[in-house]
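Please take these sequences and the hints and turn them into a complete structure.
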Amino acid sequence: MRGLKLSKALGSGFSCNGNTVAYLCGSNGPLNGYGLDKKQLSKIPIQARPGPSISSSYSSSLGFTIQSAVLPTAYPYLLFKGITTFGWPTGYWFFHGIIDKLKHLIGSKSSQAMVLLAMGHDKSDGKIILDKETNKIIFSPPHDPLLPQKVKAFQKITKKLGGILFMSRFHSSDGVCNPNGQVFDPEVPGLVHQGLFVRDASLIPCSVGVNPCLTIAAAAEHVCKDLVNNVLKYKTKTCTNYVSKVVDQNPHIETHDTLKSSETSYVSVKETSRGYIAGMPCTATVRMKINLQNSNDFDDWNYSIMRKSLVTLKGKVGGYVVFRAIEKDKLHVIDGEIKMFEVNYRTPYTQYMHYRLLLAAASGSRYVLEGKKIMNPYLFAIFSLKETTTLYVTFKRVSGNFAEDHHVGLNLEGKLKVSMIQLLKTLLSLEGNGKGRFLHLILLHLLRTYILKIPQGIHKEYTPTDSYNNSYPTSTFHELETGDGCIISCRRWNCSHSRLKFNEEKHPSFCLPTEPNDLIRTLLTEGHEIWLLQPRLHPLNPSNNFTIEDIGRYDIPAVISKICEFHGPSMKVHVVAHCVGGLAIHIAVMGGHVSPTQIASLCCTNSSMFFKLSTLATVKMWLPLVSISMALLGKNKTPPLLDTSKASLRHRLLMYIARWIPRYERCTCNECEVFSGIFGNTFRHQNLTPTMHHWLNKQSTTKLPMAAFPHLRKICKSGFIVDSKGNNSYLIHPERMAVSTLYISGGRSLLVTPETTFLANKYVKLHQPGFRHKRVVVDGFGHSGLLIGEESCKEVFPYIVSHLRLCEEGKDIVMINKEKKDGKEALDWAADPYHVASFSTWSSMSKLRLLGC
52 MRGLKLSKAL
62 GSGFSCNGNT
72 VAYLCGSNGP
82 LNGYGLDKKQ
92 LSKIPIQARP
102 GPSISSSYSS
112 SLGFTIQSAV
122 LPTAYPYLLF
132 KGITTFGWPT
142 GYWFFHGIID
152 KLKHLIGSKS
162 SQAMVLLAMG
172 HDKSDGKIIL
182 DKETNKIIFS
192 PPHDPLLPQK
202 VKAFQKITKK
212 LGGILFMSRF
222 HSSDGVCNPN
232 GQVFDPEVPG
242 LVHQGLFVRD
252 ASLIPCSVGV
262 NPCLTIAAAA
272 EHVCKDLVNN
282 VLKYKTKTCT
292 NYVSKVVDQN
302 PHIETHDTLK
312 SSETSYVSVK
322 ETSRGYIAGM
332 PCTATVRMKI
342 NLQNSNDFDD
352 WNYSIMRKSL
362 VTLKGKVGGY
372 VVFRAIEKDK
382 LHVIDGEIKM
392 FEVNYRTPYT
402 QYMHYRLLLA
412 AASGSRYVLE
422 GKKIMNPYLF
432 AIFSLKETTT
442 LYVTFKRVSG
452 NFAEDHHVGL
462 NLEGKLKVSM
472 IQLLKTLLSL
482 EGNGKGRFLH
492 LILLHLLRTY
502 ILKIPQGIHK
512 EYTPTDSYNN
522 SYPTSTFHEL
532 ETGDGCIISC
542 RRWNCSHSRL
552 KFNEEKHPSF
562 CLPTEPNDLI
572 RTLLTEGHEI
582 WLLQPRLHPL
592 NPSNNFTIED
602 IGRYDIPAVI
612 SKICEFHGPS
622 MKVHVVAHCV
632 GGLAIHIAVM
642 GGHVSPTQIA
652 SLCCTNSSMF
662 FKLSTLATVK
672 MWLPLVSISM
682 ALLGKNKTPP
692 LLDTSKASLR
702 HRLLMYIARW
712 IPRYERCTCN
722 ECEVFSGIFG
732 NTFRHQNLTP
742 TMHHWLNKQS
752 TTKLPMAAFP
762 HLRKICKSGF
772 IVDSKGNNSY
782 LIHPERMAVS
792 TLYISGGRSL
802 LVTPETTFLA
812 NKYVKLHQPG
822 FRHKRVVVDG
832 FGHSGLLIGE
842 ESCKEVFPYI
852 VSHLRLCEEG
862 KDIVMINKEK
872 KDGKEALDWA
882 ADPYHVASFS
892 TWSSMSKLRL
902 LGC
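Start counting the sequence shown at 52; every next residue gets the next number (the numbering used here).
Since the hints were made in silico from the structure, they are not lab data.
Check each hint, because a few of them may be wrong.
[What the hints assert, rightly or not] Label-pair ranges, simulated between beta-carbon atoms:
{"id": "1", "residue 1": "Leu430", "residue 2": "Asn778", "range": "33 to 39 Å"}
{"id": "2", "residue 1": "Thr576", "residue 2": "Phe617", "range": "17 to 23 Å"}
{"id": "3", "residue 1": "Arg710", "residue 2": "Gln118", "range": "54 to 60 Å"}
{"id": "4", "residue 1": "Ile502", "residue 2": "Tyr707", "range": "17 to 23 Å"}
{"id": "5", "residue 1": "Gly861", "residue 2": "Pro567", "range": "30 to 36 Å"}
{"id": "6", "residue 1": "Gly86", "residue 2": "Leu430", "range": "46 to 52 Å"}
For every residue, glycine included, the Cβ atom is placed at its ideal position computed from N, Cα and C.
This is how it looks when you write it as C-alpha cells:
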C-alpha cells in the first residue's frame, strides 16, 4: 500500500460542468473573433478590438448556455487545423486551412472564425482512477444527456452565421470480447484467441432494467450458435488452420446446417460507408447475407429483362456503426434487414434499396438507423454511380426501458457514401455460392433501370374514395369581367365567419374532390369563407394572349372588388397563393394594383417575389425551348393533354417532343409525362395517392394554357418578378409590401428551390420589420405536393391555419426594438438554414382570405 487511506469515493462523481466546445470557421458575418498580438494592440482603437474572451451568451430553456469566445493569438494557425480532434472537413472546407494559412503568412486579415462554448448539467458520473500497476491515470468522462440538444443549437447558430462547424470526437475504450463472445488479442488487432468463448452475464455491458435471467440466456444462446458455426467452418477447411479475422462480425448472420447443401444460393456482402449525420461524422460497417433461393426464375436473361417486374432481394444485416457524437463505443447491429431493388407502384421507374438496422449501445440505449438508396433513370446513367453508393439515412432513438432517456426525441438525418476503394473491396470480398448470380442480378437491374428504362408495373387502377362519393361542400359560381374585358370566374364557399381568397392555377391545388381532406375543407372547418379565383390561366378560362402581369393587374383586383361588393369596401382579405399565383399576387401588390391595406395577410407556397428554379428547370428556361414551343403551337396556345382529345398536328408534335425532355421522375401516365416534360415535375409521385394522380391527369388538367410562358421565362431567367418587357418594375417598391407573410417551401425541390422563400423572407424582414414574417421548409415535399400530397393535411395545412389564427387574434404587429434594428445588418450575410419554417391589429370587422395558384 502507498499513499493515504481515503474514501473509495475518491475520483468518482467527476463533472465537467457539461462543457462542450465547437470551432466555427469560414463565416460570412463580421465575427471579429480573433485575438490581437502586441503590434495590433497598439494600432487598433478600443472600439474596433474584439470583445472579451466571452463576448455573448445564449441560455436555452433546455438547461444549457452557449457562449462565444475569442480565439487567442496563441491559437495555432496550422494547415491541418483540428484534423485529429475534429475529423476531416466536408466539401471544399479542406482548403479553408490552406487559405487561412496563406492569409496569416502574408499578414492579411484571416477569415472569420470563433469558438462556441456550451455549458450545462451533466450526470456527474465521471471517474478518475489511478492504475497502481502502470501508474497511469484512467479517466472516464461523465455522461451528458443534453449533448444532442447542444449539437443542434451549434448547428443552428452555424447556419445563421454561415461557415462550417467542427466538434470534437470521442474515443471509445476497448472491451474484452467481440459480439460473438470471442476473446480477442488487444495487441494484434483483428485476431481472436481460438476456442476461447465467454457466454455468461459478464458479456452484458450494463444493467438491463429487468430480471436478467432471460437476457443472460439469450446472450449465451447467441454465443453457442456462433460457436457451432465456428466449428462447422473449421471442419469444412480440413488441413487448414482457421483463423477468425473478423472481430465485429454480425451476430445475426447465421450459417445453418442447410448451407452445406448446394441447393441454397446465397451471397455475403461486406460494405463500409462513411459520411455525416446532422453534421456529425458517422461510419457504418455492415455485412449482408442475401438469400437468392427465390430467384431461380432469373436464369433466362431475355425473359428477365422484359418481364413486368423483378423479384426484390432480401437479406439479413449485421455489423456495427461508429457514431461517437452520440455514443462513445460502437453501436452493434442486433437486428437488421435489407431489401434490394424494391419498387413502389407510385414510382415504377425508380428502384430502391432499403436498410433497417436496430442498434445497441454499451449504455443500454437502442437506436434505429434506416437508410435508402434511390436509383432513378434521370439523364440515363450519369448519376448511377452516385445513386448506388449514396445512402440517405435517418437515425432515431428507440424509446423504452433499455436505459435512461438521454436522447429522447433524437431524430437525425444525413448521408453516408461508399467510396470507390470501398466499392472495389466490396466486390472483391463477395462470399457464398451465389456470387455469379448476384452480380448477374445487379447488372440486370442497372441495365433495366438506367439504360432500357423499363417500368416495373403501372399505377394502380383508379378507385374513388369515400370523400369523392360524398358531395363536396356546395359553392357559388361567379363570372367576372376584368378591366381589360377578359372573362374570368371564381367560386365562393359561404360561411358565417371570416373569408379567404385562393388563386387557382393550371394544376388545381385547393379543391380536391378525391381526397378526404383538402385545404378548402380544412379552412371551412375552421369557419372561414372561401373565394377561389380561376384566372385566365385556368383551363376553364383559357386565353391565347396574356401574361402573368395581366393576372396581377386585372384578375386579382377584379375578384377583390367582387368580394367588397358582398362585404363592403373596408373588408380585408387573407391571400393564399401557389406557384404562378404567388408571382401574380406580388405583382398586384408591389405594382400598386392592389393596396396593401386590402390584404390582411399573405401566404405563398413555393413562390414569392423571387423565383429560383432547380438546375434542370433553369437550363430549360435558358435554352430556346419556350420560343420553339410557341412557334409550334401557332395561334392556339392551349394544347389538350388527354390522349383521347382531338389535337392538331402542331399540338401532337409538341406533346411528342415533351415526352422526350428529361425530368427527374418518369411516369407511366402519358398526360403526366407531357405536363412534366413541358413544365417540369410539379410533385413527388410518392406523395400522391393513386386516386389523386388519376383525377389530376385524367379529369382535372385536360388543357394547358401556355400563352404566359414567354413572360414566365423572363421571370425565371431574372430570378424575380419583372414586367412583360423584362424590366424590374416591382422590387423597387418594398414599401408596398406592408403585410404579414408566411412563405412555405418543399424540402425536396423538383422545380422551385427553397431559395425562393429564403430570399423573400429576408426581403420583407429587411424592408417591413414591423410586421410578422415567417418561413417554413417542409421536408419530403416537392412543388405542388405541398397542397395536394397525401400527408399535406398533417404536415403543411397546420402552418397555414396557425398563420390565419395569429392574424385573426391581431398578433401580426412586431414591436421594433434596438435588437431588431441591429438584426437588419445580420440579414446581409445570414445563410439559408435549410440549405437536409407578423401581423397588425385590425378592427372588429371580419376578414377575407384568397387562395391562389
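Hints, one by one, checked against the model:
{"no.": "1", "hint": "Leu430 x Asn778: 33 to 39 Å", "verdict": "holds (35 Å)"}
{"no.": "2", "hint": "Thr576 x Phe617: 17 to 23 Å", "verdict": "holds (22 Å)"}
{"no.": "3", "hint": "Arg710 x Gln118: 54 to 60 Å", "verdict": "holds (59 Å)"}
{"no.": "4", "hint": "Ile502 x Tyr707: 17 to 23 Å", "verdict": "holds (22 Å)"}
{"no.": "5", "hint": "Gly861 x Pro567: 30 to 36 Å", "verdict": "holds (33 Å)"}
{"no.": "6", "hint": "Gly86 x Leu430: 46 to 52 Å", "verdict": "holds (50 Å)"}
Checked against the numbered hints given earlier, this structure breaks none of them.
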